[in-house]
Amino acid sequence: MTSSPEPAVAGVEELHFSIPVAGSDSRWEPASHIVFGRADVFRPDGPTLARYAQLVDRDTWQYSYVVLPVDLEPLQQGHYRQVSVTATFANPGIVAKHDMGAGQALHGGVAPTRGVGSSRVTWVLEPGNGEERLRPEGHQLGCLVQRPTGSTVSEVVIEVSVRVMRGLAVLQERTATMKEPRRYQLSFVKNTFARLPGQGDEEGVEPVVHIDVRTPEFPTQRNRMLIVFHGRDHKARRELYAFLRAIDLHPIEWTQVLELTGQGAPYIGDALDAAMNAAQAILVLMTPDEVVYLKPEQGDGPDDPELAPQGQARPNVLFEAGLAFGRFPDRTVLVEFGKVRPLSDLGGRYVVRLTDSSQSRQKLAKRLEAVGCAVNLNGTDWLSAGDLTPPSAELPSPPGTAAAPSRTPQGATASAERPPAGGRTEPITFDKVVAKSDASGNHIVYGEVVSAGSDVSLMTIDATFYDTNEEILGAAQGLVSGLTAGHPKNFQLITFDDVAGYADIRLQVNSRLP
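To convert, count from 1 in the sequence shown and add 11; that's this note's numbering.
In the DSBU-like style, the derived pairs of lysine-lysine whose C-alpha atoms are separated by at most 35 Å in a straight line are:
hint	residue 1	residue 2
1	Lys246	Lys374
2	Lys108	Lys201
3	Lys306	Lys443
4	Lys246	Lys306
5	Lys190	Lys201
6	Lys190	Lys108
7	Lys443	Lys500
8	Lys306	Lys447
9	Lys306	Lys190
10	Lys443	Lys374
11	Lys500	Lys447
12	Lys377	Lys447
13	Lys246	Lys377
14	Lys306	Lys500
These are computed hints drawn from the structure, not numbers from a lab.
As the structure is a prediction and not an experimental result, all values here were calculated from the model.
Let the sequences and hints guide you as you build the complete structure.
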């Protein structure tokens with residue numbers, strides 16, 4: 012009876028990008044795979060052993076060449092710039108050594124870049140001379156290992172970091188890693204290298220299966236096709252579609268894209284890659300469909316702005332925004348429609364805050380044109396097509412508290428009132444309000460606030476910027492805590508919106524807790 016041959020693949024590891032979503036959160040997005048082949052273990056030649064015999068006790072130590080084949084999954088978008096593989100020999104006494112016999116050349120393997128003389132070694136793979144791209148396949152990692160006499164196996168902990176260049180018009184470097192190190196077992200006698208079971212979140216989790224997804228056939232030319240991700244605000248979607256069609260673009264929903272691929276349930280990254288072969292750009296419409304706030308015990312003190320209720324896009328929209336922006340950053344347009352909790356790490360640089368003004372409509376059209384869409388601004392219909400008035404910014408207070416209806420004041424000095432028990436009003440007034448821009452060009456609103464009636468433990472304040480035509484340019488929000496009745500307290504609000512040239516700032520109380 013003959014034994015089955017040793018498998019050629021020792022293990023396949025998934026590499027991930029860390030993608031920012033809302034606030035300071037992030038999620039993992041599959042980026043690629045790295046494949047470790049079966050290791051080859053060789054006994055060093057006589058001259059090499061003789062050299063080391065002069066330095067160490069041959070009865071105590073033995074030597075082996077280890078060559079580990081490595082292949083990377085070819086990328087559909089972008090290319091590899093650098094790959095770093097680190098191996099830690101976990102068993103006692105095992106260390107990497109220099110191959111002083113240059114003629115051996117580690118049996119074709121690349122020598123470690125750092126860590127020789129220790130149990131933890133790292134190989135760094137980079138493009139050859141004059142090349143900009145690292146080839147995905149055919150790499151060999153070589154290492155001369157010193158081990159205690161009689162040792163036959165060692166556990167090896169593998170870590171991988173990959174630098175990838177992605178993008179079309181503009182290449183951006185991103186780093187992908189494994190979620191956690193992986194453990195393998197290397198046999199110096201049986202010449203085997205195998206991934207140890209029971210690691211990570213394998214149990215109960217179906218692996219991602221990458222398949223060939225057919226490029227969907229869209230009913231119009233590519234530079235007019237626009238894939239739209241949106242949430243539950245169907246009115247906002249309909250009105251936006253009317254505007255997009257008025258500038259001669261053809262919006263299509265993600266569910267329609269999945270149907271046109273011809274696959275039942277393809278991996279979303281594969282489907283998006285296929286769809287973008289036929290569409291020019293992606294538009295992510297973020298509307299305040301949900302109300303979120305941080306638990307008090309998780310906040311950074313009573314003034315943490317995350318404690319205040321905020322409108323937020325649906326989780327699926329945040330996921331799709333991260334996927335689109337991570338995969339096609341130079342072909343993705345993020346649109347905030349209404350007051351939405353911003354995505355982290357974007358700082359407003361890539362977001363269009365949409366209103367019904369002609370300036371805002373033109374800004375969105377120009378942004379779409381910048382990512383390659385064939386926008387048509389001839390005529391004037393596009394200035395009125397679709398009602399792009401943002402949804403209400405009014406938010407419910409956390410459970411157990413009352414919302415604070417308020418009147419919008421005019422000018423820099425303002426007041427906002429709510430009727431307490433008994434029908435008596437307790438006005439909130441603002442004074443000494445001024446806005447200044449910081450070094451980054453963001454506007455900060457400073458001022459004083461006074462509660463004329465009773466103490467306020469926590470209050471959120473909104474500042475809205477208007478131009479000379481009474482059009483909204485942007486808004487700022489902040490918190491004030493520990494407000495004692497009759498005593499003024501300083502506040503500051505910051506906005507990342509482009510409010511340059513504003514003519515008026517109006518303040519109001521959004522919510523407050525007694």
